[in-house]
Amino acid sequence: MRNGHSWKRSVLWTAAVGITVLALPTLAAGHLERPSYWPDPAPDTSVSPPAGGEVPTARSLASAATGAGPGEVLVVCKGEDGKQSLGLLRESIRAAKNKGGFKLRPSQPKIKTKKKTYKRLKQINKDLAADCAYDSVQAAVFDAGNNDRVAIMPGRYPEWDSRNQPVNDPTCTPDLLQEDASGDLTPSYEYQVTCPNDQNLIYVQGREVVGEPLVPPDTDRRGIPEQELGECVRCNLQIEGTGMKPEDVILDAGADYAGEGPRAEPGSYAKHVVMRVDRADGFVGRNFLTRGAAEHGFYNEEVDGVLLDKVKFFWTADYGHLSFTSDHNLIKNCEGFGAGDAVIYPGAAPETGSQSSDFYPDAPRDNTVVKKCDMHGSALGYSGSMGNAVRITDNHIYGNTTGISSDTLSSAGHPGFPADSSEIDHNYIYSNNLDLYTDNPPVNPLVGVPIGTGVLYPGMNDADVHHNWIFDNWRDGAMLFAVPDSFVSGGGAEGDIFAGISCPSAPANGFSTSCGNEFHHNSMGRMPAGFKAPGAVDQFGNAHALDGGGARKPNGTDFWWGELFDVGAPVNNCWYANTGADGTAASVTGPGEAGRIAAAPPQVLPSDCATSVGNNDGPKLNYLVECGNGPDEDTGPTDCDWWELPAQPGSAAAAEARAGQDEAAEAFENSPEARALEQRVAALTR
Amino acid sequence: MSIAGSRRAALGLVAALALLAGCGDSGEPGDATDVEGVGPVVGGSTAQFASCRDWVGGTEEERYATIEDIRGQLTPQSSETAVSDLSDEAAYEMFDHTCEAGWAASLRLYKLYARAQPFAPLAGDG
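In the order they appear, the protein sequences are chains A and B.
Going by my numbering, the first residue of the first sequence is number 1, and it counts up by one from there.
Going by my numbering, the first residue of the second sequence is number 1001, and it counts up by one from there.
Since the hints were derived computationally from the structure, they do not count as laboratory data.
Predicted, not measured: the structure shown is a model, and the values here were computed from it.
Quick reminder that beta carbons are idealized off the backbone N, C-alpha and C, glycines included.
It cannot be assumed that every hint is accurate.
Said to hold, decoys possible - Okay, the calculated bits of chain B under chain A, using three or more residues with CB under 8 Å as the criterion:
id, segment
1, 1043 to 1057
2, 1104 to 1111
As the list claims (entries may be wrong) - Derived DEER-like restraints, expressed as beta-carbon distance ranges:
id, chain 1, residue 1, chain 2, residue 2, range
3, B, Gly1057, A, Asn164, 25 to 33 Å
4, A, Gly548, B, Thr1059, 49 to 57 Å
5, A, Ala68, B, Gly1057, 20 to 28 Å
6, B, Gly1102, A, Ala654, 26 to 34 Å
7, A, Asp464, B, Thr1059, 20 to 28 Å
8, A, Asp81, B, Thr1059, 42 to 50 Å
9, A, Gly230, B, Gly1102, 23 to 31 Å
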């Protein structure tokens, strides 16, 4: 029942569509956190050089060895005088030499390094070892101040002192728990500062604690409230591994490993977060691996200015990387797998897109960029609730259950309603067919997402999805739905809603999402010439059709649009200049009559952005309602099929499934169930 | 820092009104019962980590305590009430239904709730 047919338009169905979209499974369900604010985007000039205001620039490793300022260099190492670290570095270099280099990302060619570079790296490490004063990263961070650097020499850092700190430390619980307006509790900033290793293996406190949080929180989340905004104590901090590659320095909150090596799976977790960076503007993290956490590998909150370069995120129960209410944020040259939710998650990103205000004088602009990363082997490669103005570019996203999801569903705790201005461009999004909904899954999923999906937008405005290669996703290449306001997180937006929502009459009419999205110049269902799939696409038994068979690698459907909703005016979603599995525009697959304008000829998808309107589609509504009722094990013709691996596109089984869905959709249109659904909607909208 | 418990009296009134309106209960964590929810308590709440596995192993009282906790956490932080269109009874049934499948063991309850809450008005089980 997933393709749908045209259905009579009515006000009731307009509302029904709205309600249905709410029913979508968890998708990117965000996380629970203290009331959080977007930091002032201007540089903080109380420190020199100023902190924030832009993505920070990393200082070279060589300059750490020379001691060139600003700031001090605190060296962390393994073994007496760093001998163990130096030995590990030699092993890493030897392995690279023997194998003709090393891979920073599975999708990329090996990096071959000149002998001179190896020699130089060894010398830098020898020089640093002479200054080594710590065997704990956290100890070094505690001693660090503004502009300082923590250089971590090769080794695995389990941080025993941190591990030994109690969770729910009575020093902080309950006195430093913070209430929201309805009395629910979360750890405050002061909690994290006072008990830094209660939840975190490594905690970076960026600013002093100066006052109590506002209770209730300010609805205007632009700027951390002055009463609790302290001076910088660790702004412009740089933490970096000194090895040849990220895996040489492992920041490890896992335990009970099955196997050896950096990719080994932990059997349990010692802490919730491997490294948490809190209000530390101008932070640089480089060249290390975070591994094994009950929540997240790397987590930054309320930070202006973050650069993560050559950082990896392996085996985290929730998110590999999580950034929250942070600006001037760049994540690049990264890899992650084994996340129960998403590998990368920039949530509650600042309103620097369509809804920007004078708080961001240089807007519209991206506030977060994710580039040159491999996100694979997880429930989601990327997700972000209220992922405003985030650009995802030049990445490989493969072998996940769903590749990308950015939504407006989870508004509670996530300022920035509704999500807008996502840009997804020049990525390779393929073979996201990982079935985690089985007994003993290789990665424990925390969320229910549709198996076989490339891109998923449950509530997004003004997205620009262009120049991507999206292929071999066995359900859908890209899906788009609307999310009516009143049903989001049991009460709507978190904090103020700013002007600039693209939907007609929004937010007054209660329909604020799924408008102004453009999908163009994408190559759908086709593998680029000369493409070599990374071996990791096979990880965890992920199904794909990349081996042999030419360039044609169809998605189940290239574009699936909910066609929601008809508000009596154009919603401006459009698809144009895309090509399908045959390399032609004609071979793009979509939802049949979607977007048909009255008296206009049928088209696969509306291509005219100015005139595109929603068609309310009853069978699709019903389908989404069913999906909202899952995950479950029902497998009837009208049941949601998101929890099962779709048949390989082009196969007889896929054709049979499609025919069954079409038949079910047609039957539904005239069924008593359809009338009952309509009546429920009518009752709700009186 | 002042903190937990400062608004309880006012919230009690709000809760009572919500119940009269037939919505999903009050929204004051811990006020209905001293029983803790299923799963580990972290930062004063079980909402973050409670999973289907925990649900299956919980008592009825613990399960309702979990729902109350999650409902509160999933209300916008600036909202003074913690009511939901999804009744606690409907949430209970939903968790029971979803967690029945063996493969659902790791699913986080709050993420399931976030999905089911908006579904409630249409499903007619709120």
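Comparing the hints with the structure gives:
1. Judged by the Cβ-Cβ criterion of 8 Å, the segment 1043 to 1057 of chain B is covered by chain A as claimed, because 7 of its residues qualify and three suffice.
2. Counting residues of the segment 1104 to 1111 of chain B whose CB falls under 8 Å from any CB of chain A gives 7; the rule of at least 3 is met.
3. Between glycine 1057 of chain B and asparagine 164 of chain A the beta carbon distance is about 28 Å. The supplied range of 25 to 33 Å therefore holds.
4. At about 55 Å, the CB distance of glycine 548 of chain A to threonine 1059 of chain B agrees with the hint of 49 to 57 Å.
5. The hinted window of 20 to 28 Å between alanine 68 of chain A and glycine 1057 of chain B is violated, with their beta carbons roughly 57 Å apart.
6. Checking the proposed 26 to 34 Å range against glycine 1102 of chain B and alanine 654 of chain A shows it holds: the Cβ atoms sit about 27 Å from each other.
7. Checking the proposed 20 to 28 Å range against aspartate 464 of chain A and threonine 1059 of chain B shows it is violated: the Cβ atoms sit about 50 Å from each other.
8. Taken as a hint, the range 42 to 50 Å is violated for the pair aspartate 81 of chain A and threonine 1059 of chain B, whose Cβ atoms sit roughly 56 Å apart.
9. In this structure the supplied range 23 to 31 Å is violated for glycine 230 of chain A paired with glycine 1102 of chain B, their Cβ-Cβ distance being about 49 Å.
The structure is inconsistent with the numbered hints 5, 7, 8, 9, although it conforms to all the rest.
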